[in-house]
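Undergrad: Whole structure, please, built from the sequences with the hints as guidance.
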Amino acid sequence: AQSVAQPEDQVNVAEGNPLTVKCTYSVSGNPYLFWYVQYPNRGLQFLLKYITGDNLVKGSYGFEAEFNKSQTSFHLKKPSALVSDSALYFCAVRDWGGPGGYQKVTFGTGTKLQVIP
Amino acid sequence: DGGITQSPKYLFRKEGQNVTLSCEQNLNHDAMYWYRQDPGQGLRLIYYSQIVNDFQKGDIAEGYSVSREKKESFPLTVTSAQKNPTAFYLCASSQTGTSVHEQFFGPGTRLTVL
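Protein chains in written order, with the numbering used here: chain V, 12 to 128; chain G, 82 to 195.
If you're looking for bench data, these hints aren't it; they were derived computationally from the structure. In this text, all values refer to a predicted model and were calculated from it rather than measured experimentally. Hints should not be assumed to be uniformly reliable.
Taking lysine to aspartate or glutamate and the DMTMM-like style, the derived pairs with C-alpha atoms no more than 20 Å apart in a straight line are [what the hints assert, rightly or not]:
#1 V:K123 x G:D119
#2 V:K115 x G:D140
#3 V:K115 x G:D135
#4 G:K138 x V:D106
#5 V:K115 x G:D111
#6 V:K115 x G:E143
TA: Dropping the structure here:
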């Protein structure tokens, strides 16, 4: 069974400092990994995904994520945090499964990012 | 604008009532999904549909029902059998096929049981 863990419920960072939101995963085959962001009372917005290739994936709003196969991690990063980055961040992993090749996606429990002015 | 719409934004249900949450997309996506979000639990899959007139149970389907009569629409009914329906409900859609596709989410419906 696939799973994804976000070990930190909340991350606090000062504006202008680099930020990291951690994610580790477990799958039986090759992982397909995603990061989404959710602002209060809104749906999730896609940030970036890893399929194959370069371990450093660049996404929207200046975010990037580093895939590390040996550590089974896919941490989200940004060189300089903005107050407007404050939101709930979800890591997700995709596996093949179910009838008709359904692309089941498992989401982590989310990490609240608070950027302090 | 292309996207996914959900209505209503807020919904209140009395004990024993069935309620239906609307989800419409104009992205021409074949696949649609319903998730339930509770604080500290992430997103849990209720139902999904890969194509019109077909849908499958997700991880927490008990007390819910869906239909997929049109490609654009995937309504969710929360029945009286759902014992704890108060939650934030998210609809999503995606392309299908061999490539790895992200999901696009609607703005959500917050359901409260009175």
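Undergrad: Could you work out which of the previously given hints the structure breaks and list their numbers from low to high?
TA: No numbers; nothing is violated.
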